[in-house]
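From first to last, the protein sequence lines are chains A and B.
By the numbering used here, the letter at position 190 of the first sequence is numbered 190, and the numbering carries on one by one without gaps.
By the numbering used here, the letter at position 165 of the second sequence is numbered 1165, and the numbering carries on one by one without gaps.
Everything labelled a hint here was simulated from the structure, so no lab data went into it.
All values derive from a computational prediction rather than experimental measurement.
The C-beta atom is built at its ideal place from N, Cα and C for all residues, glycine as well.
Please note that a few of the clues may not be correct.
Only some residues are given here: those of chain A computed to face chain B with a beta carbon under 7 Å [claimed, not checked]:
#1 Gln106
#2 Gly151
#3 Asp156
#4 Gly217
#5 Ser244
#6 Ala251
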Amino acid sequence: MKSSVPSSPRPERGRAHTVLALLATGTMLLTSACAVANSDTAGDAGSADGRTLRVVLTQEPPTLEPCESSLTATGVVVRSNITEPLVERDPTSGKLEPLLATGWRQTKPTTWTFDIRPGVTFQNGRPFTAKDAAFSIDRAVNSDLACNVDGYVFGDAKLDVRAVSPTRLTVTTEKTDPILPLRLSFVEIVPRTTDTKAKVRIPIGTGPYAVKSWQTGVSISLARNADYWGKAPAYPRARYVWRSDASVRAAMIDKGEADIATALDHTSAEAGNTVAYPNNETTALRLDGREAPLDDIRVRKAIGMAIDRKGIIGALLGGLAKPAAQLVPPGVVGHNDDLAPAPYQEAAARALVKQAAADGVPVHRRITLVARNGMFAGIAEVTEALQYEMARVGLNVRIRMADTATHLQYQLRPLPRGVGPVALLIMHGNQAGDAAFTTSQYLQSDGPQSTFGTKDLDRRIAAADALSGKARQKAFADVLAYQNTSVVQYAYLAHMRGLLGLSPSVRYRPDSATGDEMRLSEVSPATAGRR
Amino acid sequence: MTSFLRKRIVSSAIPLVFVVLGVFCLARLTGSPVDLYLPLSATAQQRAEFSAAHGFDDSIPVQLWDYLANAAQLDFGTSLRTGESAGSMVLKAFPVTLQLAGMTMLLAILGALLVGSLAAYRPNSLIDRIAGLLSMTAASIPDFWFAIMGVLVFGVGLGWLPTSGTLGGPEIWVLPIATLLIRPFGVLVQVVRGSMVGALSAPYVKVARSKGADPERVVFGHALRNSITPVLTVAGDLTVGLVNGAVIVETIFGWPGIGKLMIDSILQRDFAVLQAAVLITAVTIFALNILVDVCHALIDPRVRQAVPA
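Starting from the given sequences, assemble the full structure and let the hints guide the process.
Given below as structure tokens:
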């Protein structure tokens, strides 16, 4: 007979309770697991049935409110998919193309008239008229909603918007605005029934797709708009999911769990499943000219000369960028073709810093190099390289990696006080295609993202902004050249390129607008052997 | 038992209060959310109105008082990002994390009891050495590395598992749970082994063996019961730590749980959601700690007597 030896005074029923509790917990968890993991075996992005276009983004859109669509995370889903503007800019040619307006003209120096496309209906079945267009512009620009498009595109401007007939709209500005149609290409049109007191969560528009569902934290599903006025898109359904890690996004393409993946990085992407494209983003160091030693133009120029752009691009950015000499990339009105990136001249840069030091400039004062986590793949390494290169020419630099909100505090006025000299690593995307949007923000003395400037530069910017056509192009090109020689608020790094993951089952050609506005109607199923 | 419970509740509530207050104050030290939520052209008046509407213009003590007064009525405020009730956002996210953490700990404890017991039964044997090596490795591997390697090997390379996501069959649980499991499993194997080695060398086990008791019954019936107390204590601590692990797992695998919600709320300066998430998580951890203590006390009555007054 086997014996048992009591080990403690604890009664037997206690052990029974523990076992029962474990079993109950396990059963509960397994049951609840099955409840969450429902019977849909296709995964978050859906199955590869050829009828659902599956897109994986870097993050969940914070909102789908159309007046916030100049935010990249919102615009990439909303613009020209769910809602549409009156006109749209061709990202390749830079020309404005008709969309919900069939034509437009400047009828007075301060007034533009738009002809509204007839026969268009909203996704709720209501007809689209000039009154809806007027309402949408008023709501986005003249309201108290604090829309992002208002600040980014229109600044302080107020517009007088009138629907003079169901198919005619006039927009009057306070002063002459030669690029008003371009600005209006950022206003997404919504029906007059849209809330004017609060931003909407599920937008209604005239686009080729309508929002079917938004499962917070998991996915956004779109369904083809059966009454769309234009050519029907190839896919009846589209589904967005988001994964913050680039390697997971790349893996989803490799595994066939998604058809398109945004913002891959060269370290985790398979070459066969990716397409590189210019994304209009430019990286640069913004140098705070109010603080010593950055208040000395020799020091600022030295920083520009100390950066080994080709080395950084080749070693740290996978070759997916081009050295920059200005804040706007080619293709943007105002881009100056004659500007060449400052060559890597370490010795000359060191000499400039020494010269400044000899004149009493405190070149050893510590400069804070502020960069934002996740701004682009490899940013930590690039920041360290910049620190090293600035130190090599005799400057004292420390790095501060920040999140978006902290970076914004350094980026936007009112700028933080008492933080010493700051070199801010920025990435500027001119999705509007005109240097006015860059210069008013980044170069003007009181620009929201500028630390300093000169009266002469401000005058040149204002004069250029009043021009149109070739004169405008030349004037802004001159502004960018003048900044490089006489102001030097920026030490440029690179015009960046994006990397898009593409499944072999779809055909899509990304362009410079893709990162901000991915038009799903331009995606089609791949035919055999073709991409 | 009532006295024991009362004392444990009082002593466990103190850190809870510190965590909630600390997060409230630290969040505000990270800066105002105004820049994130208003456009570049926002006027000073618009900024002031935004701040006033959300109570950011009040002093921190006043904001804290308002928060506590509202939280007492289960009103955690509204998310700046989504406009939804912060409480409902947290309550939607919380079960996702709870399921992950619960499944993970259950599997970790069961696996560790089995492997740790086998290793302890024959100290310095091959199985003991393998278990030791595996558990040390498991406890040392960074979560994010294991997660990414899991995706690449089992998702892309072998094609056995989905890369990520929350919709699908039981296979969607494998990589997230394996990622979360690896560290607690490694630690618990060590704890079980150490505890079992001690128990197996105790006089009563020697007596049982000398009387010809069945080896399995000696190990799993007697020694294991006496070894379970430290395992439960460590498992309780590890469960608390799983919330940290959940941040990694939920971010990489796209799980809309409390860890990801907290990270998003910090990055977006969504104070109401962050505070609600921290408070509800802290209360849950508080309850878990009490539960572990109660289990502990039920198993070992000496614990009940050891709690200082």
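_Does A/Gln106 hold up as a contact with chain B if the rule is Cβ-Cβ below 7 Å?_
Violated, because the Cβ-Cβ distance from A/Gln106 to chain B comes to roughly 24 Å (cut-off 7 Å).
_Evaluation of the interface hint that places A/Gly151 against chain B, nearest CB under 7 Å_ = Holds, because the Cβ-Cβ distance from A/Gly151 to chain B comes to roughly 3 Å (cut-off 7 Å).
*Would you settle whether the hint for A/Ser244 is holds or violated, based on the nearest Cβ-Cβ distance to chain B being less than 7 Å?*
Holds - the Cβ of A/Ser244 comes within 7 Å of chain B, reaching about 5 Å at its closest.
*Under the criterion of a CB-CB separation shorter than 7 Å, is A/Gly217 in contact with chain B as hinted?*
holds (3 Å)
*Mind checking the CB of A/Asp156 against every CB in chain B and telling me if the closest is under 7 Å?*
holds (6 Å)
*Per the CB criterion, is A/Ala251 less than 7 Å away from chain B?*
holds (4 Å)
Hint check: a violation occurs at hint 1 only; the rest are consistent with the structure.
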